[in-house]
Amino acid sequence: MGRKLHKGLREILEQKKGPIVEKWRDQIHKSYPPETAQFLKREKNKFSNPIGSSIEETIWPLFDQLIGEADAVLTKKLLDNIVRVRAVQDFTPASAVQIIFALKPIIRKEIFSLVEKKGLVKEYLKFESEIDRFGLLAFDVFMECRERVWEIKRNDLLKRPYLLAGGMCPSYMMKRGIKHLEKLKKEITQH
Amino acid sequence: MAKELTPQEMLRIDLTPPNRDWMDIPTVIKPGIYCYPAKPEKVEVLGMPNPHVWSPLDDDWGLPDDWKETFLEGMRERLNKHRSFKIFMDICVRCGACADKCHFFLGSGDPKNMPVARAELIRSVYRGEFTKAGQILGRLAGGRKLTEDVLKEIWYYMFQCTECRRCSLFCPYGIDTAEVTIIGRELINLFGLNINWIQEPVANCYETGNHLGLLPHTFKQNVEFMCMDIEEFVGITIEPPFNRKGAEILFVTPSGDVFAEPGIYTLMGYLLLFEHIGLDYTWSTYASEGGNFGFFTALDVAQRLNAKIYAEAKRLGVKWILGGECGHMWRVVHQYMNTFNGPPDFLEEPVNPLTGTKFENAKSAKMVHISEFTADLIKHGKLKLNPRRNDHLKVTYHDSCNPSRGMGMFEEPRYVIKNVCKNFYEMPENTIREQTFCCGSGAGLNAGENMELRLRGGLPRANAVKYVHERFGVNMLSCVCAIDRAVLPASMEYWVPEVNVCGVSELVGNALIMEGEHDRPTDLRGEEIPGIAKAEGEEEVKEDV
Chain A
1 MGRKLHKGLR EILEQKKGPI VEKWRDQIHK SYPPETAQFL KREKNKFSNP IGSSIEETIW
61 PLFDQLIGEA DAVLTKKLLD NIVRVRAVQD FTPASAVQII FALKPIIRKE IFSLVEKKGL
121 VKEYLKFESE IDRFGLLAFD VFMECRERVW EIKRNDLLKR PYLLAGGMCP SYMMKRGIKH
181 LEKLKKEITQ H
Chain B
1 MAKELTPQEM LRIDLTPPNR DWMDIPTVIK PGIYCYPAKP EKVEVLGMPN PHVWSPLDDD
61 WGLPDDWKET FLEGMRERLN KHRSFKIFMD ICVRCGACAD KCHFFLGSGD PKNMPVARAE
121 LIRSVYRGEF TKAGQILGRL AGGRKLTEDV LKEIWYYMFQ CTECRRCSLF CPYGIDTAEV
181 TIIGRELINL FGLNINWIQE PVANCYETGN HLGLLPHTFK QNVEFMCMDI EEFVGITIEP
241 PFNRKGAEIL FVTPSGDVFA EPGIYTLMGY LLLFEHIGLD YTWSTYASEG GNFGFFTALD
301 VAQRLNAKIY AEAKRLGVKW ILGGECGHMW RVVHQYMNTF NGPPDFLEEP VNPLTGTKFE
361 NAKSAKMVHI SEFTADLIKH GKLKLNPRRN DHLKVTYHDS CNPSRGMGMF EEPRYVIKNV
421 CKNFYEMPEN TIREQTFCCG SGAGLNAGEN MELRLRGGLP RANAVKYVHE RFGVNMLSCV
481 CAIDRAVLPA SMEYWVPEVN VCGVSELVGN ALIMEGEHDR PTDLRGEEIP GIAKAEGEEE
541 VKEDV
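Here the protein sequences come in this chain order: A and B. Residues in the first sequence are numbered consecutively from 1, following this note's numbering. Residues in the second sequence are numbered consecutively from 1, following this note's numbering.
Next comes chain A alone, as it looks inside the complex (with noise of 0.2 Å):
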């Protein structure tokens, strides 16, 4: 998947990576009430901040990503990593997402009147449509974990089904109940 990236411009962009990704990283941060974007900037531990060790974890690799030759594999896993966890949080899709359109405005600042010095807009612009690509796979991604909340939903409620059975024998209507989820599980491989 991707483009190859100009050479010139791929140089700038390597160059410039400590500050955007930085900045990239503080705004993720702020799509969190400010008493939360500290505390996921401030905690280093992995296991007592997940969700800001996952944004460290991730962002400089899909940076990476997308300024190289992306692997389209490794590319989603990462957009995984950050969007998953947003999938079940306060955000709206658009919000939820919106991380990665977040990219443009801080390159722009950051490299655009280089650019514009070396002659290079009209690459900067084919880049900044690779940056939307990576935004709808994050759509992509973001869809399939709503997916997979229903799913789960689904099939707590099958795991459950003396909650739907009015009295009958709960051995009964489990043995059913997990027949059924077997059932609809072979169903969707098949298709």
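Please note: incorrect hints may appear among the correct ones.
[As the list claims (entries may be wrong)] Think about it this way: if two alpha-carbon atoms lie no more than 30 Å apart in a straight line, the pair counts; the simulated DSSO-like pairs of lysine-lysine are:
1) A/K109 - A/K122
2) A/K44 - B/K132
3) B/K466 - A/K186
4) A/K30 - B/K112
5) B/K30 - A/K30
6) A/K44 - B/K466
7) B/K394 - A/K46
8) A/K23 - B/K112
9) A/K185 - B/K466
10) B/K145 - B/K30
11) A/K30 - A/K104
12) A/K109 - A/K7
13) A/K104 - A/K122
14) B/K394 - A/K76
15) B/K466 - A/K76
16) A/K159 - B/K220
17) A/K41 - B/K112
18) B/K145 - B/K132
Hints listed in this document are in silico derivations from the structure and should not be mistaken for laboratory results.
Go by the hints and put chain B onto chain A.
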């Protein structure tokens, strides 16, 4: 509170939330986070106040006219009755040590889920309505008046706390936020505002002895149903005793083990263990629930539901009580039962009939945990085990909040697991033992409609599981809690789908070498054990560990 968005609002994308004082940020109640309200008929069963039909998304919650007086009077009564509650209202200095320790905060990023902030929802009412400074200075002194919106906010967040007590571990003053939630929920129940996922099990338990409302014959049938599976997968016939007077031990377990997957496999583990050692015990179809959702409603309700355990022990004339794998059941047993309904002078100090070990930790309440019991049997070489039957599993152990922080049980389950499994890996230090993370769905929040909340709350635990899965290939998450067993599969499905969930006794059941068993190519789930046939022929099995 919650409302339909206008077209203009729909066009707005919030990129950065406002930076305002928490009291100025309105709480919006959202589907996926809250649980459905209690059905009136389930509130009526216990004679609790204001049974009515209502919805959290409506403006009118059907509160009685004098709700405010009732709430404040209820609060006054509890401030006088529970010295701890009064202290917890007074001494918090808002240092923030607890702020980032809650799984709901870590998973949601919602600052009102910081334990200090969640307690502050009630504490601000305490200041505003009960202290002179708060009454005069209001917000300057951190106080606010009780309004309907404040009540709704309290309701929303009292059901976003699983009473796991991780926060209390880090509080320099020892403030137990779980107790604030317990009192908060008691106050909510003064107006019939419980959630149905708690209220219905409470009503069922009150009427039939267990959360599902299984009648005695059905309870018995369900256990027998597991015996049929044992006959198929192990090849032996077990006839478990029910309501047998004169048995030495009464066995009580959460009913989740009797009807919910994968708890039923844990139950098969208990049945095999008792058969293996020829234990003189009995099940009870009346004390058929170790769990106690009354504990998530109000302390007096917990007391009423708990009473059946001692009553049944007395009726059957047993010497002591053995308890299955449950979470909050053990907090109730360990910290409340003796004063709720004891002391049980008619019982004896628990002694393991096979090893002679005195369980001195259970001297007072007379109830022993199955992991303590099993560990003692293994230690004394009383079990014939073939741990190779669990070789295909790479196991980690989730310390359930209540048995770990509520009763201090850390070593016994680990000792048992290490003796029945070859591959055991600990999760990182700050996610286990005292510092264990909640499953995310305890304290009656294991419903289906609040799945987003459950998945948020489950993130910190799942994050640690993911780590050991990626590092060591862990594929089984073991635990000693029925709610864990019921909810962790969903959390794993979302966060770490490669990892399955089981009870510790299920692993024991798989490893036990039963007299008269046939070839066992499958485990207790009826699933084939990879490589077991070959491995069993190669070397001698491990016996008498």
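So, going through the hints one by one against the coordinates:
1. A/K109 - A/K122: At roughly 17 Å apart (the allowed maximum being 30 Å), A/K122 and A/K109 satisfy the hint.
2. A/K44 - B/K132: With a Cα-Cα distance of about 42 Å, the restraint between A/K44 and B/K132 is violated, given a limit of 30 Å.
3. B/K466 - A/K186: At roughly 27 Å apart (the allowed maximum being 30 Å), A/K186 and B/K466 satisfy the hint.
4. A/K30 - B/K112: Holds. A/K30 to B/K112 sits at ~17 Å (cutoff 30 Å).
5. B/K30 - A/K30: holds, 22 Å
6. A/K44 - B/K466: holds, 18 Å
7. B/K394 - A/K46: holds, 22 Å
8. A/K23 - B/K112: holds, 26 Å
9. A/K185 - B/K466: Distance of about 24 Å is within 30 Å: holds.
10. B/K145 - B/K30: holds, 24 Å
11. A/K30 - A/K104: holds, 16 Å
12. A/K109 - A/K7: holds, 20 Å
13. A/K104 - A/K122: holds, 15 Å
14. B/K394 - A/K76: Between B/K394 and A/K76 the Cα gap is close to 28 Å, so the pair holds against 30 Å.
15. B/K466 - A/K76: Given that 30 Å is the threshold and the Cα spacing comes to 18 Å, the pair holds.
16. A/K159 - B/K220: holds, 21 Å
17. A/K41 - B/K112: holds, 18 Å
18. B/K145 - B/K132: Given pair B/K145, B/K132 holds - Cα atoms ~13 Å apart, limit 30 Å.
The structure fails hint 2 only (numbered hints given earlier).
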